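Undergrad: Given chain A, put chain B in place with the hints provided.
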Amino acid sequence: MSAAADSHHDDHHHGPEKNFVKRWLYTTNHKDLGTLYLWFAFAMFFVGGLMALVIRAELFSPGLQFVDPQFFNSMTTMHAIVMIFGGVMPAFVGLANWMIPMMIGGPDMALPRLNNWSFWIMPFALAIFLSTLLMDGGGPASGWTLYAPLSLQGGDSFAFVIVSIHFMGISSVMGSINIIATILNMRAPGMTLMKMPLFVWTWLITAFLLIAVIPVFAGAVTMLLTDRYFGTSFFSAAGGGDPVMYQHIFWFFGHPEVYILILPAFGIVSQIIPTFARKPLFGYSSMVYATGSIAFLSFIVWAHHMFTVGMPLAGELFFMFATMMIAVPTGVKVFNWIATMWRGSMTFETPMLFALGFVVMFTFGGFSGLMLAMTPADIQYHDTYFVVAHFHYVLVPGAIFSIIAACYYWLPKWTGNMYDERLGKIHFWSSTFFVNLLFFPMHFVGLAGMPRRIPDYNLQFADMNMWASIGAFGFGGSQLLLLYIVIKCIKGGEKATDQVWEGAEGLEWTVASPAPYHTFETPPEIK
Amino acid sequence: MEILERKSRTLQVSIKLVFVVVGMFGFGYLMVPIYNILCDITGLNGKTGIISTVQAGELVIDEDRWVNVEFTGTVNVSGPWDFKPGQDSIKVRPGKQYKISYTAKNLADREVVGQAVPSVAPRVASKYFSKTECFCFTSQVFEANEEKDMPVVFVVDPALPKSVDSLVLSYTFFDTGEK
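Just so you know, the sequences run in chain order A and B.
Per my numbering, the first sequence starts with residue 1, numbered consecutively.
Per my numbering, the second sequence starts with residue 528, numbered consecutively.
Bear in mind the hints are in silico, worked out from the structure with no lab data behind them.
Mixed in with the good hints, there may be bad ones.
Claimed, not checked - Below, in silico cross-link-like pairs of lysine-lysine (BS3-like), each with a Cα-Cα straight-line distance of 27 Å or less:
no., chain 1, residue 1, chain 2, residue 2
1, A, K195, B, K534
2, A, K527, A, K195
3, B, K632, B, K675
4, B, K675, A, K195
5, A, K527, B, K534
Keep in mind that this is a model prediction, so the values were computed, not measured.
Isolated chain A, as found in the complex:
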């Protein structure tokens, strides 16, 4: 970029603020906030990861080794909440912040100040949440679902947990409003909805899911709070309430929530595979409709999480078939990704490796999901390690692999430097090896009946748990390599071209690398 263009920009807008604290605290720039979100999520992945390592260290061998059962239970609970609300969701919001304005040819997010606010709530929310570990009675230990009445029987740190969940919810609702407003109003002329990159589409649908279900969750936890402290009895049978109702309200939020964690991943993979297959995405419009159908179906399948509470047969059949129906649009997506690669001239750079790992391993997780969808089988699998294996397959080599793929894919655009390709490949193969060592044995111990959320287990499960624990430490260690690769890439490396990848198409690849502080202040022309 020329010096003339630089000074021209400075006439209207300042570049990044020079003072470090002011720059990051007051920034309303979508790129700065994207960076903040991503670093925050990265930090939370390590916090949540450490909690997972406490769990796996305890489960390395049968018997009680390191932690007492109460602390173990608060580790499983907090690991989930930190990873979901502190890790995966902010990481996706960070990617949305960075990429959506550039992908649709807009100058910034539609509501930049709101954007600053929704980010800066998060560190406080997570700090409050994590601080419950230091309080009397310890952190929440009822499982991340906070089922009543169990969740109401812990210490008074419960009130802090609820407040922090409210903050996290407010943050993601504001983030979603911002994303929807951006996508609907900030597109460059000619960028019709059906021309938008798939990452933008999946985020638009995800944002609608968020504003629809996060408030329901907020309502549910508020009811918990008033049940505990203000004498209501929404979920207390003594006062005429019903604990099963909590499960219905929770999963009405909880099931769309799991698609919130995966739809942006579908978008990322749909950006990466065409680039490295050097072919346009196969079946673009069917991808959009499939995403929409998955979002719709997510609202009518919630009770498959509670087949064992005693529903009428008609209810169990409805939720079973509705759940199985989700395999159809998901199958369309997997088919389209494979068809995109069919006869493409593929190369296997790190982002592509992670995207391919996603397609293969997410599909594993999808198949075990189909097994769980069957009511009679689910009664056997319910609350066993089979469930743990299932949702970790869709979330770790699923959602998290897609986030890592996205980071490798766009890192040269963010920093202007290529990352170390050799280290990237090592990172991919060691992550893939260890993630399978970690989660694959859980299928077998689960089918054999090992229950979730218990710090001790029967001797027959010892070998597979040992492997899983080795896998966990290996996988955690591999992510330190990612940290090193990212820092190394920021510090320097081979200069990236504007297009970065030979097969890359889209507006974000037309701007300079690193992307200037302000992009598309005059809208680009869409052909």
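TA: Just chain B now, with coordinates in the frame of chain A:
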């Protein structure tokens, strides 16, 4: 000009979305009455019905059929009671009213307030089981160490499916924690 237009459109979209958020928060609360109504209609969770004595008198008594009604009573962990039915089971004619009773003794040396929550199994039978009078309609106050006999008057609807010849009425007694 274009920027101003864009700003007003953004504001409009944002306001609409805020309404959606507030609406969905309300919907979360709306699920409580919806759930209760659904449970009443379908008999989910074994919730039993209430009918008036007049309505109960209008039912036709089915003299050809016996239904065995069994009684159980449990105390929730927090309650200081000895709580049990006065009889284990009785045979009833559908359509006819019967009066039975439960006994509860306060084991604590202080006043406690309890609330019984009924449930009927099997689930299909619950909506055909109705009470005209029950100690579960209100919370019960117990003086220290007081023992009480508490009556229930119930009727089984003659429309009870033929496949059901036995049903269980169970009460769980909770300490409401009130003074």
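Undergrad: What are the numbers of the hints that this structure violates, sorted from low to high?
TA: 4
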